[in-house]
Amino acid sequence: MTTLSINGQSHTVDAPPDMPLLWVLRDIVGLTGTKFGCGIAQCGACTVHLDGVAMRSCVLPIAAIGDRKVTTIEAVGETPAGKKVQMAWNQLDVVQCGYCQSGQVMSAAALIATVPHPTDADIDAAMAGNICRCGTYNRIRAAIKQAAKEA
Amino acid sequence: MSRGLLEAGRHHASKGFSRRSFLKFGLTASVTASGGFLIGFSVPAASQDQGKGKSVIGGDGVETPQDGVFAPNAFVQIDKTGKVVLIMPKVEMGQGVYTALPMLIAEELEVPLDSVTIDHAPPNEKLFMDPLLGGQLTGGSTSVRYAWEPMRKAGAAARMMLVSAAAQQWQCDASTCRAENGKVVHAADGRSASYGELAQAAANVPVPQDIKLKDPKDFRIIGTPVKRLDSPEKSNGTAVFGLDVRLPGMVYAVIVNCPVFGGTLASVDDTHAKKIPGVRQVIKFDNGVAVVGDHTWAAKRGAAALAIQWNEGAGANVSTQMLFDEMAKASEKSGAVARKDGDVGKGFANAKTRVDAVYQQPLLAHATMEPVNCTVHVRPDGCDIWIGTQVPTRVQGAGVQATGLPPEKVVVHNHLLGGGFGRRLEYDMATQALKIGKQLGVPVKVTYSREEDIQHDMYRPCYYDKLSAALDANGKPIAWTHRIVGSSVLARFAPPAVKDGLDPDAIEVAADLPYDLPNQVVDYVRQEPRHVPTAFWRGVGPTRGTFVVESFIDELAAQAKIDPVQYRRDLLGKTPRARNVLDVATQAAGWGKQSMPQGQGRGVSVMHAFGSYFAMVADVTVDKEGGVRVNRVVCAVDCGMVVNPNTVEAQVQGGIIFGITGALYGEITIKHGRVEQSNFTDYRMLRIDETPPIEVHIVKSSEAPGGIGEPGTAALAPAITNAIHAATGKRLRQLPVGYQLRSA
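Here the protein sequences line up with chains R and C, keeping their order.
Quick note on numbering: full-length UniProt numbering labels position 99 of the first sequence as 99, and the sequence is numbered without any gaps.
Quick note on numbering: full-length UniProt numbering labels position 469 of the second sequence as 469, and the sequence is numbered without any gaps.
The following block holds chain C by itself, in its conformation from the complex (with noise of 0.2 Å):
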């Protein structure tokens, strides 16, 4: 996600990640507590019979060993009967980690991809946490990164471990053995023993220091094609989300937030909504308020018919344009200091011409085709959560606050997600639950409406960037200054981050340009949105970042009449993986092949992020209304050694889906305090009509694995707008594309 997150966590993992810990783990936390086989919840095609129509539940985390189980570190439980299964610590999204992480483990361990098993991790910091992001989450398209050395070595030390035992058995030198297809074979003499057998004995085995991992050349599952192992149970209908729970005794609630940020309630009548049939209860709480019934629909009338009064507070004189103006006001201050190379004033006083530019990014909203919702049980000794979430230890800590409990006493019971993009990296609809919860005592469902998701979202901040350029006589930039303004999600999110007012999430990109820019200043002014919450989205900085400079490089270009790609192609000569990959995609693309139609225009964008190198070009048609399509896109990808490029073709197209969504679509406004969008109709996706080809170009490296998940949404809009350009003459320095067009 940023570099400030990436060291804070590697503080805290030289603490954690022990290999006793690991050990510890494994003895003490490797099997229910029903002490029966293994279970939890089962992915894998191979065993479906497990995984029909049960709950995706795991993390209950409060268990005991079973005799015979070889756990050998955190992340392997072997048993008996030879069955792997694999401890997650990520949260499948979408974005095919139930697949990725159970390759890596299979690989080293010499075990069929589909003989492994997935459990989810329980709430543990201490074992799970992602150091790229400094706790037990998913997010910032950290997972393969995160999980490449650790998982394969996971599975590289419980195979020599079962190597060992093995050995031991037959008296003979570990070296005569070797593994393969969840057996150790004896090389000479070809005797055999299956991992099931050697499960027991292999828990004796020392843990191996000097861990050996496979030459890249010899693996026979990481960079192939995989299927995805939770295809069938997402095209049946049987795969478990968090709004799937059903619970007996379970009653329904839907909420009703105070429409004005930070606004509580004053007072409610609920003489027609008890009237429904089907209505049981209204519960009035701090900032809202929830009506239960036997059903949501019941529910959703009751919310329907409530009289409410609100405390609005100050939130409630918040406009969209007050925003804005507050943070243009904030750019004439200078701001903490990101980069600052050479002399930039110099650059500025020998300048042929100058370039300035501002540019604005609107609030946005995830979406997550699956609302938010949470699922609670609140009684005196205990506490259940069920809920689909990117931050289990966060939502259990809600739990603890909610109820006093200990955190022991507080389960959380995490599920599939109907989409992340950093919606559910927060907990604030389980805050909300539990204070429902906790006035009930029986299994309450608490749902979002569409319009409550959106109305009552944290949000993607609006951002405002000012820049200048100098340009010398052959239009090279000989000086560049960068101020950025905006909320700081990792303040809130992660304060430890923020060091000396710098935001590292604010700056990504915009500060670590793969140009070759030799006098830049780049600075950050923190201001916050008044009252509106702010949070990651699909891409975080780098989402924020790649739109700016990109735009700004091509305005450059136009400014310097020479070809946007020629243009950053000669300012790439220092990054040889960014120039590879713009060479990538704009030669798939045909650039510069042949003109464009009238009306139509080609768009290119680079970036290097999350650990991955994109570019990116995109064919666009502007009509005479203004309306704006996208033809097609091409993207070259180097994201290092590919795990599974099945999963890479697939992420990148989805980010770039997203990415055209925001960039031709998304906005959230403020009035009155309020959100002004509420569902679908004002708040529009793509949709399959509006779709184009998308071609993915997967360059082949040797590098460490890059992050895929959100890149493809990071690099897109520039794309776009820099087409629209090409097209028209018109450069937009501000989302959404919307009607800008329109009035022109």
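Isolated chain R, as found in the complex (with noise of 0.2 Å):
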């Protein structure tokens, strides 16, 4: 058994401890927000926050989370610069088939967290591990600095 907080619930779970955060969520907890791309964290679908840092859940055993706060997609809104992020993204209408942007919305959230005002280069060094096959980055580049404008 294994207890993780999740979005500020308290989640005890039976899962080896091995099991990839991703699929406690997504299997067990029923949290289907956080998805599967590649499961070996070349693709970050699967991000989410642990403390606030955008981590891929696809590879990060339970075991190993420990104290540390879960935050996914179903919540991020709730935290200022979520909030931030996701009206962006609507105001832009960044998203096409929205498979990734759960992801790319948790990867931007812990960028505008951390640094407020985001450079370009900034930017590209926090969202280069999102890939999105429909091709919504330069909407997700005009979005992040429309949140950013918002702080």
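No lab work stands behind these hints: they were computed from the structure.
Owing to the predicted nature of the structure, the values given are computational and were not obtained by experimental measurement.
Think of the CB as a built atom: it goes at the ideal place given N, C-alpha and C, for glycine as much as any other residue.
Heads up, a few of these hints could be off.
[To be verified] Cβ-Cβ distance ranges computed for the label pairs, FRET-style:
no., chain 1, residue 1, chain 2, residue 2, range
1, R, 122, C, 734, 34 to 40 Å
2, R, 10, C, 304, 28 to 34 Å
3, R, 67, C, 590, 55 to 61 Å
4, R, 125, C, 595, 32 to 38 Å
5, C, 703, R, 91, 30 to 36 Å
6, C, 250, R, 66, 28 to 34 Å
7, C, 307, R, 68, 33 to 39 Å
8, R, 125, C, 473, 54 to 60 Å
9, R, 17, C, 271, 19 to 25 Å
10, R, 125, C, 704, 41 to 47 Å
11, C, 325, R, 68, 54 to 60 Å
12, R, 61, C, 401, 40 to 46 Å
13, C, 409, R, 18, 39 to 45 Å
With the hints in hand, could you dock these two chains into one complex?
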């Protein structure tokens, strides 16, 4: 049994300690907003926050989480940065198929929380781990800048 | 997608799309089985309370009418509260149809856009066939082209009937009433009645024979930049894709398909797999094994622990080199003639110079961000399938075939698609999931790992094109021959579309160039890549054809020592829309205004496909190590009348990024019958730090709408390789760019 703090709630899950957080969220806790994309931390679709830091949950064993607080896409809108990012995403109509966007929003929210006014280089560094196959990158960049304006 | 499909579709359309069948559908299938309020799923932001957390389930299709619901045709339903439901014949995979099609209905129905909600159409080829595709499919950049007339007519017919109903009630002439904002208003005395109040009466009004559409100058929604209706749910994690389905009692399976195409399972030792906590069962079938577990992780670990022996079969000999060698050999044969104008022989006889070239394009995987997956529940008396698909009727057919149940017992629950790009025009994942589900009896979600997704795709075919041109003393092309060699996707996907050996997809663009070429022969030789399954990929035929012809035109310009834009322009006299986009793009890009620094180059491409005209200018830098970076892309688009400019810009940008990925990195190779690539490490995608600014210039037009989902991809690659030529003098006749410039 592992106890995790997820979106402010405590969850005790019966899962092997090496099970990645992604599958605990999706298959056990039932939070399917966090997406499976590659399984090897190459695409960013599974990004969550651990104490506000963006992490790829597909390679994060639950045993490694400890007391750190997990925030997922379902609750990131309750953080100031997450709220700003989601608003900007809606204002600029970033999404297309939408599948990667949970991860994009999580990476962007972690960026805005630590670097309120990111440069293009900051955006490149923070977002290059998130693949979007539909090709929404131009609007992602614009939306992060828009979110920063709200700061 | 192609003219052949288009014609095949029209033929069926005349049989299926009668007014009677519209009405019949409206009266028999307007409401849910529960007899309650029309539900399904709700996309619009205006009704988030209904959409939130709810599975995007629609298409259950066995429904009975409810009193008081006005359903004038297959597409529109209005209930007593005035709620408008659009029966959506298309699926959303990012291209914005859940916004564009409601815009068409709302425009003519005279309702606010946010009052329209969406319910997925059930599988019904007769009612929901796209005549451009010959089926109830989503693909080929046809959605808006297909819906442009019928959706507006559906809205207009409903509006006319509501006005008639009001006029009857008020005992006045219908011409004294007008529809606005979800109400009918009497012009003189200002009386009004809401659509909800009129719905029941309108259901008894005869369907108008002569449907009057609005003059485009009166459009209040079409042509305005409307925001996507699905933005909120896709940025807060509540959107439900096929992979997000959760059902009571559901188990999780990870599939291992035979790594060699066409191979079968010989034996499997599952001793280790079964010892893994959470693993429940190992299921064997003809060409694969699945491990079933309490969660995907257990199943995934179990799959990795299997020791499997395969009967690899003849497919084990296949290699990429063999596929290209076979195409080269096939190119020696003459093919089915797609176009023959003038006298090519005379042209070559009179040539001042000639240019000959061979172009090669690789196999490509789709790599949708949502790996392919399918959830099934197979029971003796019924079968449910949960999936995100571009082809709901074909998935239903797979269910019928796998279970032997009648179609009405096979229910397809369609979902949002985490990327389509042609991958979800196929239903192989449903076939595989059904083999597993049949042995279980409980709901099972079958997930492809990313490795399985890439190694068991159905691939964009590799192609081999051979061209020759004769130039006169002024460098003008006086003869042009083009032999196209490669797989016929249509021969498998829609066999009637291929006539006399001619695949209209394979020759698209190449056989209908915008250029004035008096003497030309274009022919096609079908050569399948042995054992490797092929399928449509974003941009379909035009993606392959445009790379070839726009590169070759550039070669001719270089041979003639004429500026490539000027050279094209001189040949576009008979295609003013193509010449116009070329002018718009080159002016916006500053073509010829300044010389490029060392190591940089600028390239151009022009394309007419999907009913749209595109021109692109790409700027690239080639570094000392031979790496290529795209610095800027300027694109001019004439896609006819624009429904939603916001979506057009997004689709064109996205299409271009998809195209850059393909042009720079995209390649699937085969060794010993196996795909060598496995994940994003070796099947690389463009990332944000490599993405250039992309300018999209939309040309005003009053022509009927053209497609926009694919042309951005289709027109991109030659602009890049032409820019590389400008930068380095090297002509790349093979994609991807990859490491080709490194060894040089």
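Checked hints:
Restraint check, residue 122 of chain R to residue 734 of chain C: a C-beta distance of roughly 37 Å satisfies the suggested window 34 to 40 Å. In this structure, residue 10 of chain R and residue 304 of chain C meet the distance hint of 28 to 34 Å, their C-beta atoms being roughly 32 Å apart. Remark: the range hint 55 to 61 Å for residue 67 of chain R to residue 590 of chain C is upheld by a beta-carbon distance near 57 Å. A C-beta distance of roughly 33 Å is found between residue 125 of chain R and residue 595 of chain C, which places it inside the suggested range of 32 to 38 Å.
Separation of residue 703 of chain C from residue 91 of chain R is about 31 Å and conforms to the stated range, judged on CB atoms against 30 to 36 Å. A beta carbon spacing of about 30 Å between residue 250 of chain C and residue 66 of chain R agrees with the range 28 to 34 Å that was offered as a hint. Checked against the given bound of 33 to 39 Å, the beta carbons of residue 307 of chain C and residue 68 of chain R, roughly 38 Å apart, stay inside it. A hinted range of 54 to 60 Å for the beta carbons of residue 125 of chain R and residue 473 of chain C is consistent with their spacing of about 56 Å.
Taking 19 to 25 Å as the suggested C-beta distance range, the pair residue 17 of chain R and residue 271 of chain C conforms, at roughly 23 Å. Taken as a hint, the range 41 to 47 Å holds for the pair residue 125 of chain R and residue 704 of chain C, whose Cβ atoms sit roughly 45 Å apart. About 56 Å separates the C-beta atoms of residue 325 of chain C and residue 68 of chain R, a value consistent with the hinted range of 54 to 60 Å. With their beta carbons about 41 Å apart, residue 61 of chain R and residue 401 of chain C fall inside the hinted range of 40 to 46 Å.
As the Cβ distance of residue 409 of chain C to residue 18 of chain R is approximately 42 Å, the hint placing it in 39 to 45 Å holds.
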